[in-house]
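Visitor: Spelled out from the first residue to the last, the chains are:
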Amino acid sequence: MSTQEYKDRQFLAVIGDEDSVTGLLLAGIGHVTSPPDSQKNFLVVDNKTDNAAIEAAFERFTNERKDIGIILINQHIADRIRHVVDSYVKAFPTVLEIPSKDHPYDPEKDSVLRRVRRLFGE
Amino acid sequence: MSGAADREAVFPTRQSLGLMKAKLKGAETGHSLLKRKSEALTKRFREITRRIDEAKRKMGRVMQIASLSLAEVTYAVGGNIGYQIQESAKSARFRIRAKQENVSGVLLPAFEAYQTEGNNDFAMTGLGKGGQQVQRCRETYARAVEALVELASLQTAFVILDEVIKVVNRRVNAIEHVIIPRTENTIKYINSELDELDREEFYRLKKVANKKQRDTAASDAEMKQKREDKAALALLDQENQAPEEEDVGGGDILAAEDDEDVIF
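Protein sequence lines, in the order shown, are assigned to chains A and B.
Residue numbering for the first sequence follows UniProt numbering, starting at 1 and increasing by one per position.
Residue numbering for the second sequence follows UniProt numbering, starting at 1 and increasing by one per position.
If you are wondering where the hints come from, they were derived from the structure by calculation, not from laboratory data.
Errors might be hidden in some of the hints.
To be clear about the criterion: a stretch of chain B counts as covered by chain A if any three or more of its residues have a C-beta under 8 Å from a C-beta of chain A, and this derived list gives those stretches [said to hold, decoys possible]: (1) 18 to 24; (2) 45 to 53; (3) 141 to 151.
Residues on chain B that point at chain A, a partial pick, calculated with CB under 7 Å [said to hold, decoys possible]: (4) Phe-11; (5) Gly-60; (6) Ser-67; (7) Leu-70.
Owing to the predicted nature of the structure, the values given are computational and were not obtained by experimental measurement.
Just so you know, even glycine gets a beta-carbon here, dropped at the ideal spot from N, CA and C.
Work the whole structure out from these sequences, hints included.
Guide: Next comes the structure, spelled out in structure tokens:
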């Protein structure tokens, strides 16, 4: 693996409900690229957002953008596109499932924790 | 022998025997080194998984506190500030950089969070009221993001280590179960072929020796025969010569013969 692969990755991306995104943006992770294409590194998902849009955003953050190192995604949203999240195995960018305000965190659903459990045969 | 056919295609010569022996030794050294590497990585891997488990639990708590402080902000500002914040986000203040850590020759990246100074997209947020809560909320979320970044680097290390360990174990197994037995088989094959050649050579020599012996015996016998013949010839000559000598007074012999005839 070359250094180049993750040297430029300096942003975090968020796919989450409004509260999570608001909070994380307040912490200062929000970034909008320079005007011509103005890509945001966050996506607010509510009940009206359809799964295809989430998948497209996930795809964009994982494959197209080369400046994102970590993707934070609310667990209940990850559940909606579970097959995509589970089949994502690359190390970069890292996908991290985070809890949201309305949905408590369930370690059983986390794709990485499930791998941990499977490896140790629990 | 089950793996009799499973050997490398070499000519059974002493040179290739030497090569195979060197190869076997190399494979054994490599096997022990790789095994040690795999053990070191697995140790690290277990440590990381334990830390991931802890960090995930910690993340749950941290995010809960952060959500609470956001609720405070919403209450203090008196309305939803989400839209305003999403629109005013321009440039990331909170960024990450990746550094590397070397574990037994595997480069594990680790993220490190840092904050760029001087740009603040949310200077106006909460200007009217609730500024203090907004400030506090930002700090809480900054801490939460730091915890998340730490967790993310653990997770990256986990994914990479998982992959590397699989590769190393595959190599260890390949050496242990394929390369070493095959090389041993080849050595065995070469040895047996060489032994066979030795036996053939021995047999050939024995044959040659036998033949030589037989030839010698034959020629000896011939010589002996010849010598005997010669001796006999010589004797005959002598005998022939002797009568000639006696022929001088030949009348006697003839008389004697006559006598014998007379006897029969």
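Visitor: Name the hints, by number, that the structure is in violation of.
Guide: 1, 4
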